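J.: If you read the sequences in order, they're chains A and B.
Mind the numbering: the first sequence is residues 190 to 396 in our numbering, read in order.
Mind the numbering: the second sequence is residues 721 to 1068 in our numbering, read in order.
These are calculated hints, taken from the structure and not from any lab test.
Source: prediction; values computed, not measured.
Mixed in with the good hints, there may be bad ones.
What the hints assert, rightly or not - Below are the SDA-like pairs computed for lysine to any residue, each with C-alpha atoms no more than 25 Å apart in a straight line:
| hint | chain 1 | residue 1 | chain 2 | residue 2 |
| --- | --- | --- | --- | --- |
| 1 | A | 227 | B | 769 |
| 2 | B | 771 | A | 231 |
| 3 | B | 771 | A | 367 |
| 4 | A | 217 | B | 784 |
| 5 | A | 336 | A | 362 |
| 6 | B | 784 | A | 260 |
| 7 | B | 782 | A | 240 |
| 8 | B | 926 | A | 249 |
| 9 | A | 347 | B | 779 |
| 10 | B | 755 | A | 273 |
| 11 | A | 253 | B | 777 |
| 12 | A | 374 | B | 737 |
| 13 | B | 1068 | B | 1000 |
| 14 | B | 926 | A | 285 |
| 15 | A | 324 | B | 771 |
| 16 | B | 771 | A | 276 |
| 17 | A | 253 | B | 782 |
| 18 | A | 347 | B | 769 |
| 19 | B | 938 | B | 1030 |
| 20 | B | 755 | A | 382 |
| 21 | A | 217 | B | 777 |
| 22 | B | 938 | B | 959 |
| 23 | B | 782 | A | 231 |
| 24 | B | 782 | A | 280 |
| 25 | B | 990 | B | 1003 |
| 26 | B | 755 | A | 296 |
| 27 | B | 782 | A | 273 |
| 28 | B | 771 | A | 216 |
| 29 | A | 227 | B | 785 |
| 30 | A | 253 | B | 784 |
What follows is each chain in one-letter form.
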Amino acid sequence: LSRLFFVSQIHFFLHLSPAIPMDETEAKIEELFKSKYKLIRYFAYSYLGDMDLAENVAQDTFVKLWQNRDNVYFDKGTVNYLLVIARNLCLNQLRSDKQRGNYEDFALRKAVNDFNIAALEDSTSLSLYSDEIRKLYGEALTKMTDKVRETFILSREKGLTYNEIAALSGVTPKAVENRMSTALKVLREYLKDFLPILLGYLALWVF
Amino acid sequence: MMEIEELYIRFFQNRCTPQEQKMLTDKMESDPAFKHEMVVLKNLYVSSLAKDEEASPEELAKFKERIGALGSERKLESGQKPDSRRAGRRIDFGKAALWSMAAAILLFLILNLNFNWVAKKSPVVPIESLASGDVNSLYTSKGVKGRVVLPDSSIVTLNSDSRITYPARFAGSTREVGFTGEAYFQVRKDSLMPMVIHCDRNFDIKVYGTTFNVKSYKDDRDAVTTLVEGNVKVVQNLDGKEIVTNIKPNESCVISKDGVAKVESYKDPKEKYAWKDGKLIFDSTPLEDAIVILERWHGVDFELLDPSKKNMPITATFTTESVVQIMDLLHFSLGIDYTISDNKVTIK
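Same shape as in the complex, but just chain A (with noise of 0.2 Å):
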């Protein structure tokens, strides 16, 4: 009987073993995770342009953000953080991905992927999510006319496709891309003393 006793010594312990403690940080990061985790995925799927592929990338970042903990100083710039870590995640995947090559068609799939890895490193991929920008997206909706600002709350806060905004709006899809390209237009000319967008000419002109 005495293996039979160790036996259930052994269950005791393995019961024992994943009572994990958990404290202020570990909190935080749930909290995070909640609020911030959707986010993340977000991002990750705006330039992968696949979702499971941007759920693993939101996944590992908060992983990488646990496993970091005790070197983290959690306060508001802590989702700059995160997204730091969700762009270097996705340059890895976009540039292993160049890698593979198991696309049907490589050539149009590289190049969509280099302009991805381009718009990722460049600055203003983290740099539009800070608070004051935040701030200035709401401005420059006042900005925009009814129509075009209906189509662009109706993408953002319901997350609904163009083709469902379009049935709602009474119009048609395309309709819905130029309200849309109407509100980029905006919100360019809004933030114009925040992006670098003539240093392209400029650069052209140098060399």
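Dock chain B against chain A, hints included.
T.: Okay, now just chain B, sitting in the frame of chain A:
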């Protein structure tokens, strides 16, 4: 500044036709200024539509599962990390930390011992199609459960008497894993690199990213794959012919000894994998089958002397009961007599 066209919006959303994509990427290649402006516009577009939204409970549970799996790993590795904040925590939770450390070391030793013991007894047969290089093989002996995180961070919870074989690094176009026994797989999603689990009952499970339970013991009557979420393909290879069975969540693919597959669906399949939460559920299970499960669960041998009792149905849920307690219960409810001696239960 360039005009913003609807086309760009479609491009940022990945909704362009290949022709449109080609036109835009060609233009970017030949005009760096245009490319740079597109880069900034994309970032503007993406960030302006970003918003905060609460994560779902499932997403949070998945995250907790992952850091939970990491937690024990880290405790095995670490040991010297003098950090003031950690030290503070250690005082608060000193006892808990010590206990879980002891448990982790014990588990590690047991897994190791069992592995070595089995390795000597029956050398690990590498699965043919596995990529060359280092191959890991892990075995949980009877009475022990284990958990392993694969190189792609998929999580596999192993029931007793199970073996999983996997490469140190997944390479190639598929993630190849060898398996026998029972396990709860939480496969990390990767739509470009499916995972193929070769079960030794002559079938493969092919998945891209999903959660499922597989029970495939060599001596069992049926091999059962139960899907929790996502989708899986069960691929049998019978006389050179491939037979594919697709199953949906809450369905099982049951393969009998003679290789016939059928699909069963359940309202609540949880009891199929309740074992991973430490529950042993019998639902009109024939005594003969229950014995096999108890042998694995508790690491003891059973002998059934009276063959007429083979099909006696058992319905019960056990959690932390010892073999003695379980046998007592069966004695009172079914009226069966038993003796225990020398790690062996004999049912008369």
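J.: Hints first: check each against the structure and report whether it holds.
T.: Each hint, compared with the structure:
The hinted pair formed by residue 227 of chain A and residue 769 of chain B meets the criterion: a straight-line CA distance of about 13 Å does not exceed 25 Å. For the hint pairing residue 771 of chain B with residue 231 of chain A, the CA-to-CA distance comes to about 9 Å; that is within 25 Å, so the pair holds. For the hint pairing residue 771 of chain B with residue 367 of chain A, the CA-to-CA distance comes to about 22 Å; that is within 25 Å, so the pair holds. Taking the CA atoms of residue 217 of chain A and residue 784 of chain B, the gap is near 13 Å; set against the 25 Å cutoff, the hint holds.
Among the hinted pairs, residue 336 of chain A with residue 362 of chain A is consistent with the structure: their alpha-carbon atoms are about 14 Å apart, no more than 25 Å. Taking the CA atoms of residue 784 of chain B and residue 260 of chain A, the gap is near 20 Å; set against the 25 Å cutoff, the hint holds. For a cut-off of 25 Å, the pair hint linking residue 782 of chain B to residue 240 of chain A stands: about 16 Å separates their Cα positions. With a C-alpha separation of about 23 Å, the suggested pairing of residue 926 of chain B with residue 249 of chain A holds against the 25 Å cut-off.
A hinted pair counts as satisfied when its Cα atoms are at most 25 Å apart, and residue 347 of chain A with residue 779 of chain B qualifies at roughly 20 Å. At roughly 23 Å between alpha-carbon atoms, residue 755 of chain B and residue 273 of chain A fall within 25 Å of each other, so this suggested pair holds. Only pairs whose Cα atoms come within 25 Å are accepted, and residue 253 of chain A paired with residue 777 of chain B is accepted, the gap being roughly 20 Å. As the CA atoms of residue 374 of chain A and residue 737 of chain B are separated by approximately 23 Å, the hinted pair is consistent with the 25 Å bound.
Annotation: proposed proximity of residue 1068 of chain B to residue 1000 of chain B holds, straight-line Cα distance about 23 Å (limit 25 Å). Taken as a hint, the residue 926 of chain B and residue 285 of chain A pair is honoured in the structure, with Cα atoms around 23 Å apart against an allowance of 25 Å. Distance check on the hinted pair: residue 324 of chain A and residue 771 of chain B sit about 13 Å apart at the alpha-carbon level, within 25 Å; holds. A C-alpha spacing of about 17 Å is found between residue 771 of chain B and residue 276 of chain A, which places the hinted pair at or below 25 Å, so the restraint holds.
Taken as a hint, the residue 253 of chain A and residue 782 of chain B pair is honoured in the structure, with Cα atoms around 15 Å apart against an allowance of 25 Å. As the CA atoms of residue 347 of chain A and residue 769 of chain B are separated by approximately 10 Å, the hinted pair is consistent with the 25 Å bound. Proposed proximity of residue 938 of chain B and residue 1030 of chain B is supported: the alpha carbons are some 20 Å apart, at most 25 Å. Between residue 755 of chain B and residue 382 of chain A the alpha-carbon distance is near 20 Å, which keeps this suggested pair within the 25 Å criterion.
Simply put, residue 217 of chain A and residue 777 of chain B have alpha-carbon atoms about 16 Å apart, close enough for the 25 Å limit, and the pair holds. Simply put, residue 938 of chain B and residue 959 of chain B have alpha-carbon atoms about 19 Å apart, close enough for the 25 Å limit, and the pair holds. Proximity of residue 782 of chain B to residue 231 of chain A is assessed by CA-CA distance (about 18 Å); at most 25 Å being required, the pair is judged to hold. Restraint check for residue 782 of chain B and residue 280 of chain A: the C-alpha separation of about 24 Å stays at or below 25 Å, so the hint holds.
A C-alpha spacing of about 12 Å is found between residue 990 of chain B and residue 1003 of chain B, which places the hinted pair at or below 25 Å, so the restraint holds. Proximity of residue 755 of chain B to residue 296 of chain A is assessed by CA-CA distance (about 17 Å); at most 25 Å being required, the pair is judged to hold. This hinted pair checks out: residue 782 of chain B and residue 273 of chain A have alpha carbons roughly 22 Å apart, not beyond 25 Å. Restraint check for residue 771 of chain B and residue 216 of chain A: the C-alpha separation of about 22 Å stays at or below 25 Å, so the hint holds.
Simply put, residue 227 of chain A and residue 785 of chain B have alpha-carbon atoms about 18 Å apart, close enough for the 25 Å limit, and the pair holds. Only pairs whose Cα atoms come within 25 Å are accepted, and residue 253 of chain A paired with residue 784 of chain B is accepted, the gap being roughly 13 Å.
Taken one by one, the earlier hints all hold for this structure without exception.
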